[in-house]
Amino acid sequence: MEKAVLSGNEAFARGAWEAGVNIGSAYPGTPSTEILENLSKYRDVYSQWSPNEKVAMEFAAGASLAGSRCITCMKHVGLNVAADPLMTLSYIGIKGGFAVIVADDPGMHSSQNEQDSRNYARFAKIPLLEPSDSQEAKDFVKVAMEISETFRTPVMIKSTTRISHSKSVVTLGERTPHKATGYEKNPQLYVPVPIYGRKMRVALEERIGKIRDFACTLEQNRIIEGSDELGIITAGIAYQYAAEVFPEASILKLAMSFPFPDELIIRFAKNKKRILVIEELDNFLEEHVRSLGIPAEGREYVPGIGELDLDRVKAARNRFEGKEEKETTPETLPVKIPPRPPVFCPGCPHRSVFFEISKLDPVVIGDIGCYSLAVFPPLSAMDMILCMGAGISSAHGVEKANTGQKVVGVMGDSTFFHSGITGLLDIGYNRGNLTIFVLDNRITAMTGHQDHPGTGKTLMGEPTFEASIEAFARACGIRRVVVVDPYDVKELRRVIKEEVAAEEASVIVTKAPCILLDQGKGGETMQIDQEKCKSCGLCLKLSCPGLEKHPGEEGDGFTVEVNPVLCAGCGICAQVCPFDAIGKPEDTE
Amino acid sequence: MKDTTNIVLAGVGGQGILLASKLLCEAALGEGYDVKANEVHGMAQRGGSVIAQIRFGEKVYSPLVETGTARLFIAMEIVEAIRHRKYLAPDGQAFINTQRIIPTTVSSGMADYPSDPEELVRGAIPNHRMADCLELAKQAGSARCVNTVMAGWVSKSLPFSEETWVEVMGRLIKERFQEMNRKAFALGRNLD
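Order-wise, the sequence lines are chains L and C.
Mapping of the first sequence onto this note's numbering: residues 1 to 589, in sequence order.
Mapping of the second sequence onto this note's numbering: residues 1 to 192, in sequence order.
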C-alpha cells in the first residue's frame with residue numbers, strides 16, 4: 001500500500017476523506033489551520049471557512065443532523081468560542097458522524113494561553129481521542145466517525161502542535177463514501193426545551209456510561225507489554241517520549257482518554273510495582289487514575305507547564321529514579337548573541353500604522369493576529385491582548401472607565417469578521433468615544449493566508465461577495481468611518497490625528513494587502529544616500545528587518561544600510577526619513 | 001534509539017527552512033526509513049529564529065530531537081548556528097552558512113550583532129564547516145536557493161542515493177524553479 005510522509009494536519013484531512021466525511025468547517029488557527037486547507041483539496045468533500053469557530057461548529061451540527069459525516073476544526077482557544085454549541089450538542093446528539101478536532105498549543109508557540117482542552121471532553125461528556133502520530137491522526141478520524149454514529153454523540157479528537165505540525169509515515173487508504181440520509185424531524189430528540197432537555201440530560205449520563213464500557217474493549221487502547229517494575233499510563237504525543245525514554249516499561253497507551261476505561265486501567269495497574277502517568281499540561285489522567293485508588297505518580301516528576309520533549313522526560317526519569325539531577329553548566333560565550341524575536345515582515349502594511357499610533361502614545365488595546373507583534377520594542381504599541389474580539393470591546397471598556405486617557409482598539413480584518421462586529425455594535429449602541437483601527441490586509445495572514453468573508457473567495461476557491469468592513473461599521477452606528485492606504489504615511493498621519501481627536505467614535509480601516517500576497521509590489525529595493533543620512537535612527541524605529549544598523553567606521557556611531565535581499569521596496573522608511581536620505585535608485589541618483 | 005539519525009536545521013523565518021526539511025524527509029522515506037520531522041508555523045515564522053528537526057531510522061518515536069544528539073546540524077545563518085548549537089552531538093557535524101542577517105533587536109539598539117561570528121563558531125562549535133551559501137545561491141540564480149544549496153552540501157553526509165535526491169527534488173519543487181534549484185543543489189554538493 002502507498003506510504004507518504006504527512007503532517008498530522010494532512011493526516012487528519014486524509015482520514016476524514018477516507019472515512020467518507022461529507023462536510024468540513026473551521027476557522028483558521030495555529031496549529032489547526034492546515035486540516036481544512038488540506039481537506040479542501042479533496043473535491044468530493046464540501047469544505048468551508050466559517051467566520052468563527054462557533055459558527056463552524058453550529059454549521060457542522062446542522063449538517064450532521066441532516067445525515068452528513070462532518071468534521072469541524074479549531075485551535076484550543078477556538079473551542080472556547082465554540083463551547084456554547086458543544087455543551088448542548090452533546091445533549092441533542094448527532095446523526096451523521098461528528099468529530100471536533102481541537103489542536104492545543106503546549107508551550108504557547110503561537111497562542112495566548114496553553115489551556116488543556118481535554119477538560120472540555122469531560123465537561124461536555126463526550127468521548128475524547130488522542131492520536132500520537134500522523135498514522136493515528138488519520139485512523140482516529142475513522143474511529144471517531146464510528147463511535148459517533150454508534151453512540152449518537154459528538155466526538156472530540158485532540159491534537160497538539162507536535163502532532164499537527166510533525167510529520168511521520170502514513171499508509172494511505174481509499175475513501176469509503178458516505179451518503180447523507182436527510183433530516184428526520186424529531187423535536188423530542190433535538191429541541192432541548194426543559195421538558196425534553198431533562199430527558200436528554202438523563203440519556204447523556206447513560207450514554208457516557210455505555211461509552212466507558214466500550215472504551216475498555218477499544219482495540220486502540222493498547223497495552224505494550226514490558227517489565228512489571230514500572231507501568232506507564234500515557235496518551236497522545238507524550239506516548240512517543242515515554243516509549244523512547246522508558247523502553248523497558250509496560251505502557252498503557254490510551255487512544256480514548258475520556259471516558260476513562262476504568263477496568264482496563266485497574267487491570268493494567270494490578271501487577272505493576274509503580275505506576276507513572278506521563279501527560280502534557282493538566283493532571284487529567286493522573287487525577288482520575290488516583291481516584292481509582294491506584295497510587296499513581298506523575299506530576300511530581302513530569303512538568304505540567306510548557307510542552308514535554310525528550311530532554312524533559314529524561315530529566316523526569318532521573319527524578320523518578322531518585323538520581324541526582326545532572327548539573328549542566330552552560331558553556332559561556334565571550335559575547336552575547338542578539339535575540340531574534342518574530343517581527344513584521346519587510347513591507348508589511350501594519351508597520352506604519354503602529355509607528356504613527358505610538359507617536360500619540362494612547363492606550364492600545366490589541367487583538368489576535370500578526371499585529372500582536374507590535375508589542376515588541378521599538379514599536380511598543382500594544383498594551384493589552386485578551387482574545388479575539390477584545391481589541392474592540394475591551395478598548396471600549398477602557399474608554400468608559402472615563403479616566404481621561406486616550407484609548408484606541410486595534411484588530412485585523414479576519415478577526416473583525418470573527419468577533420469584532422458585536423463589539424463595534426456595543427460602541428455604536430452605548431455611544432462610545434474612541435477610535436478603532438481595522439488593519440485590513442485582505443486575508444487571514446498570521447495563520448498562513450486563508451480567505452475570509454471579506455476576500456471575495458471561499459475555501460473551495462469559488463468567487464463570492466466581499467463583505468465590507470466600512471458598511472458593517474456604519475450599520476453598527478459609527479458615523480466616522482475612514483479608509484486609508486497605510487503606505488501613504490502622510491495621509492495616514494493626518495487621518496489618525498483627526499479621528500483620535502474627534503469627539504465621537506470612529507473607525508479607521510487601513511487597507512492594503514499583506515505584503516506576502518503581493519511580493520514585488522514595491523518594485524526596486526530602497527537605497528540610502530549616505531551623504532544625506534544623519535544617522536538619526538528614526539527609520540530604525542520602524543523595526544524593519546530590511547534596514548540594518550552597522551557599526552560606524554571609527555568604532556563610534558553607526559550607519560544604516562538596506563539589506564537588498566529582505567527589503568520589499570514599500571517606501572515607508574523613505575516617508576519617515578526627515579532628511580530625504582532614503583529612496584528608490586532613480587530618486588537618489 | 002541508537003540507530004536513529006537526528007538532523008537539526010536552524011535559520012531565520014523566511015529563509016526556506018521548511019522546504020529544506022521537506023527534501024530531507026522525503027529523501028529518507030524514499031530510502032525506506034521510518035521518518036519523523038518537526039517544524040514551526042504561525043507566529044514563529046515572521047522573521048524570528050526557527051528550527052526544524054528530522055529523525056530517521058528503523059523505528060522513530062519522538063518527532064523532537066534531544067539536546068546533544070544531532071548527527072547533522074545545518075545552520076542557515078551564522079548567529080543561529082551559535083544560538084541552537086546545543087542540539088549538536090559531540091561527534092556530530094555542523095554545516096554553517098556564513099550569511100549574516102541582522103535582527104531588528106540590533107537595529108533598534110537593544111543588542112549587538114557579534115563583530116566576528118566566525119570566530120565565535122570556531123570557539124563554540126567543534127566539528128564545523130563554514131561556507132558562503134548565499135553567494136552560491138545567487139550564482140544559481142536567486143538568494144532564495146540558500147536552502148537547496150545547503151541540502152546539497154549536507155547530502156554527501158547522508159546515506160541517500162543521488163537518484164533519490166533527483167526524484168525528490170523533481171517532485172517537490174515547482175517546474176519553473178527546477179533548474180535553478182538543481183544548480184543550487186549541485187553547487188552545495190560540490191562544497192567540502
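A couple of the hints might just be wrong.
[Said to hold, decoys possible] Straight line, CA to CA, 20 Å or less: simulated SDA-like cross-link-like pairs of lysine to any residue:
| # | chain 1 | residue 1 | chain 2 | residue 2 |
| --- | --- | --- | --- | --- |
| 1 | L | K3 | C | P117 |
| 2 | L | K210 | L | K270 |
| 3 | L | K314 | C | D3 |
| 4 | L | K270 | L | K314 |
| 5 | L | K179 | L | N221 |
| 6 | L | K336 | C | P117 |
| 7 | L | K490 | L | P513 |
| 8 | L | K336 | C | I102 |
| 9 | C | K86 | L | Q530 |
| 10 | C | K59 | L | G226 |
| 11 | L | K497 | L | K584 |
| 12 | L | K3 | C | G170 |
| 13 | L | K185 | L | G226 |
| 14 | C | K138 | L | P564 |
[What the hints assert, rightly or not] Chain L residues, not near chain C, derived (Cβ > 12 Å throughout):
| # | residue |
| --- | --- |
| 15 | S7 |
| 16 | K41 |
| 17 | T176 |
| 18 | I223 |
| 19 | P247 |
| 20 | G304 |
| 21 | C345 |
| 22 | A401 |
| 23 | A475 |
| 24 | V489 |
| 25 | K584 |
Derived from the structure by calculation, the hints contain no laboratory data.
For every residue, glycine included, the Cβ atom is placed at its ideal position computed from N, Cα and C.
> Which of the listed hints are broken here?
Replying inline: Hint check: 1, 2, 4, 5, 9, 11, 13, 15, 19, 21 fail, others pass.
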